[in-house]
Amino acid sequence: MSLLEGRGVSKTFGGVTALAAVDFQVREGEIYGLIGPNGAGKTTLMNVISGLIPRTAGDIRFAGRAIAGLPPHRIAALGIARTFQVVQPLQGLTVCENVAVGAIFAGRKPIGEALARAQEVLRRVELWPLRDSLATDITLGQQKKLELARALAMEPRLLLLDESMAGLNLQEVGVSMDLVRAIRDSGVTVIIIEHVMKAIMGICDRVHVLHAGRTITVGPPREVAEHEKVIEAYLGERYSARSGRDGAGVRP
Amino acid sequence: MNAVSLGAIYACLGLGFSLIYGVVNIINLAYGAYLMVGAYTTYWLFARFGLDPFLSVPVTAAVAFGLGYLMQRAIINRAMRVNIISAMILTYGFDLIAINLILVFWSADYQVITTAYSGRSLSLGGWANLPYTAIGILIACGILALLLNLFLNGTRTGIAIQAASLNPASARLVGIRIEGVYAMAFGVGSALAAAAGSLLATSFPVFPGVGDAFLGLVFVVTVLGGLGNVWGAVVGGLALAAIEMASVPLLGPSFQQLVAFSVFVAVLVLRPYGLVGRQFFAELK
Amino acid sequence: MANLLDLLRTPRGRRAALAAFALLLAAAPLALTGYWLRLLTNVFMLAIMAESVNLITGFTGYPALGNGVFFGVGAYALGVLMTHGGLVFWAGLPLAGLLCALYAFLLGFAVLRTKGHYFLMATLGVMEATREAIKNLDPLTGGDQGLFFPVTRFSPAQLNVYFFYVMFGTLILTVGTCWWVVRSRLGYAFRAIKASETAAGVLGINATLYKTVSWAISAFFTGLAGGIYGYWATFIEPPAVFDILLAVKFFVMMLLGGPGTIFGPVLGAFLLEISSTVIWGWFPRWQLAIIGGILILVILLIPNGVAEFLRRRLRHAGLGAPARQGAAG
Numbered sequence: 007m008s009l010l011e012g013r014g015v016s017k018t019f020g021g022v023t024a025l026a027a028v029d030f031q032v033r034e035g036e037i038y039g040l041i042g043p044n045g046a047g048k049t050t051l052m053n054v055i056s057g058l059i060p061r062t063a064g065d066i067r068f069a070g071r072a073i074a075g076l077p078p079h080r081i082a083a084l085g086i087a088r089t090f091q092v093v094q095p096l097q098g099l100t101v102c103e104n105v106a107v108g109a110i111f112a113g114r115k116p117i118g119e120a121l122a123r124a125q126e127v128l129r130r131v132e133l134w135p136l137r138d139s140l141a142t143d144i145t146l147g148q149q150k151k152l153e154l155a156r157a158l159a160m161e162p163r164l165l166l167l168d169e170s171m172a173g174l175n176l177q178e179v180g181v182s183m184d185l186v187r188a189i190r191d192s193g194v195t196v197i198i199i200e201h202v203m204k205a206i207m208g209i210c211d212r213v214h215v216l217h218a219g220r221t222i223t224v225g226p227p228r229e230v231a232e233h234e235k236v237i238e239a240y241l242g243e244r245y246s247a248r249s250g251r252d253g254a255g256v257r258p
Numbered sequence: 593m594n595a596v597s598l599g600a601i602y603a604c605l606g607l608g609f610s611l612i613y614g615v616v617n618i619i620n621l622a623y624g625a626y627l628m629v630g631a632y633t634t635y636w637l638f639a640r641f642g643l644d645p646f647l648s649v650p651v652t653a654a655v656a657f658g659l660g661y662l663m664q665r666a667i668i669n670r671a672m673r674v675n676i677i678s679a680m681i682l683t684y685g686f687d688l689i690a691i692n693l694i695l696v697f698w699s700a701d702y703q704v705i706t707t708a709y710s711g712r713s714l715s716l717g718g719w720a721n722l723p724y725t726a727i728g729i730l731i732a733c734g735i736l737a738l739l740l741n742l743f744l745n746g747t748r749t750g751i752a753i754q755a756a757s758l759n760p761a762s763a764r765l766v767g768i769r770i771e772g773v774y775a776m777a778f779g780v781g782s783a784l785a786a787a788a789g790s791l792l793a794t795s796f797p798v799f800p801g802v803g804d805a806f807l808g809l810v811f812v813v814t815v816l817g818g819l820g821n822v823w824g825a826v827v828g829g830l831a832l833a834a835i836e837m838a839s840v841p842l843l844g845p846s847f848q849q850l851v852a853f854s855v856f857v858a859v860l861v862l863r864p865y866g867l868v869g870r871q872f873f874a875e876l877k
Numbered sequence: 013m014a015n016l017l018d019l020l021r022t023p024r025g026r027r028a029a030l031a032a033f034a035l036l037l038a039a040a041p042l043a044l045t046g047y048w049l050r051l052l053t054n055v056f057m058l059a060i061m062a063e064s065v066n067l068i069t070g071f072t073g074y075p076a077l078g079n080g081v082f083f084g085v086g087a088y089a090l091g092v093l094m095t096h097g098g099l100v101f102w103a104g105l106p107l108a109g110l111l112c113a114l115y116a117f118l119l120g121f122a123v124l125r126t127k128g129h130y131f132l133m134a135t136l137g138v139m140e141a142t143r144e145a146i147k148n149l150d151p152l153t154g155g156d157q158g159l160f161f162p163v164t165r166f167s168p169a170q171l172n173v174y175f176f177y178v179m180f181g182t183l184i185l186t187v188g189t190c191w192w193v194v195r196s197r198l199g200y201a202f203r204a205i206k207a208s209e210t211a212a213g214v215l216g217i218n219a220t221l222y223k224t225v226s227w228a229i230s231a232f233f234t235g236l237a238g239g240i241y242g243y244w245a246t247f248i249e250p251p252a253v254f255d256i257l258l259a260v261k262f263f264v265m266m267l268l269g270g271p272g273t274i275f276g277p278v279l280g281a282f283l284l285e286i287s288s289t290v291i292w293g294w295f296p297r298w299q300l301a302i303i304g305g306i307l308i309l310v311i312l313l314i315p316n317g318v319a320e321f322l323r324r325r326l327r328h329a330g331l332g333a334p335a336r337q338g339a340a341g
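Chains as they are written, first to last, in my numbering: chain V, 7 to 258; chain D, 593 to 877; chain C, 13 to 341.
Calculated directly from the structure, the hints in this document are not laboratory data.
It cannot be assumed that every hint is accurate.
Unchecked claim - Incomplete in silico selection of chain C near chain D, CB under 7 Å:
(1) T22
(2) R125
(3) V138
(4) A145
(5) V163
(6) E249
(7) I303
(8) I308
Glycine included, C-beta positions come from ideal geometry on N, C-alpha and C.
Using the sequences and the hints given, assemble the complete structure.
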């Protein structure tokens, strides 16, 4: 059953086509990876889904309901949460207040309840000791966790993660992967944009590959890794031809 | 014809204000004060020494340049490190001091410059009368615009100013000393204001509120031309003069300002980069 | 002195000090002369406006330098309601405030689409345009000639006391409302919008609505101040109530006192107005220059506002709790 469905989603900025007739069906309970070389349109797609930018054409349905064209706060209230590639901590608010905001507005909870929920989430992501620090006083890695906590506090049905693992070391990536799996196991569907291939291969049920605004292929991680056009997109024609001859499958 | 010369003055004022805004990125509320420095210095030179107002323009411009350069270098630079709105309030403080000084030394009376040629016009065979002062203003503004262009495009400092306005960080990286550039821009902008003030004094009475009265219109000119877009200010100045002229027969003189400011707000909301511009970098929160 | 500092360190101590100060002020008419009462009334008026603009600027992040427009609209609204509508002061005043809120609400959908410098200039433009509009509504507003309010039947001494309490009461109402708003969902929304309107949106905040509400609330109280002023002064004309100097003054009081705090703007109003009036008393011809000089000094020396400055001093003296903006005191 598709939780999120997109048909013919296109976005042009002036003369530039960022997305060209992209289709996707994200099933409930899956971890859906979104990959592609830089400039492929991944973040644009995420921005369109979350309502930050309007699409030029196409339909998007969430749990059967048309959401393309709705303002971001309405989409958030329907149960879609997201993080940002460049973290946006709410300055002037403490870590706890930051996390509570989503619960107050998207989650429509009274302030007291929202703060309690925020504390719970902070414990889960191991930020609880910093709950009274100002959001701008913590490290970048902690701010990334804060982004995630903020989204989780909204109790979303769908979570969009935009390169939340960028800059993490190997061990931290592993921890992050476990966290995403745990989130999915608690009933949240996840779409994850990543360049860290270990994570994509390790946790995604299916992977959607974008290149220059178009879908190249969608499928389980192994298949996608060996797909000729995917290799071509990342490494160029030469490598894909070579991989075809070898038959061994060059991983991007 | 008076309207056109007024438009030229608006354009001149807009150039200076836009230069400061585009480069230093502050809304200079003391700009009106520099206009008054120009106007009152011209008046004083005329009343005391009989110096023709048009000839006093280089003098007032130089004085204003010096004051403006110092003001930016010594004082405003400090406030800017904190935040830009504070810097703006700082300029307002200077504006108040300037108005007070003028009030004390010259009183609140309207002062008028009457030269041999004031009020007299060049007649174009019954078709139109061009007041000599208006002609002078148009010529002077033209010269000023040319000089500014030469400066911005033909001198090292001028190019440094342009670089700084587009991307201060990069400008620093290539070795441009930003504080100096800011001070230059501020000085040149102030000089333009004073020059415009001097020209204003040839045809209009001066009084301590004249700076603020024109500052409002300068905002309109700058916005019409696009905040930060230096040459757009010329378009803005002419546009404002046109709007004022057009609204008089349609709605009556009392609606002039209302129309001007309503257009101002509309442009800010709908086309913040002005009637001519593309989006400029000056979009700070 | 050490005891006073200790007292100010606890939230309860601060509240007590505040209550004491408020009581002191309330008792002022018993001890002070007309001159001082009028001065304080003026301070209260400026404090109301500084506190109001703090909501949209300090908390929500939209610099409304032209918020003085609502002072003028409030004054004229009440004037028209009382002279043409026949309403009494107490009936007309809240209505005048509501009209200002409505004005802000309607304008907000357009004007709040701009940000930062653009918004600042737009509010100035709105102020100028509104002044001109009022001037042109002659039959209703008296245009350039100005508008006369119905005269009260009080003696001059009674007038001083009456308006002292009216303005004081309105100030308490304003501060109380702001305090309550900031602690509510509205407060969270405003602060989120100020921090990042984009992030606020994806967290479920309807930024357009909330920032408009913020502006409307600030307009309401500023309008009340304007209305009271009109009745107090008995006569208003466009340049007097749509005055850039006034608008900048209370904006700076907010900056001076500490944007994004609850009591900062009030503090700023007290400090700035009392000091400039006192100094003006010594140098009558130099009023503007003195205000200008004070502004310059303040900006250069205490860029983040007095409230922040005090807070840091109290903290260094050994409080320990981390700084929090807007939540308490």
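> For which of the previously enumerated hints does the structure constitute a violation, in increasing order of number?
Replying inline: Violated hints (numbers, rising): 1, 5 and 6; every other hint is consistent with the structure.
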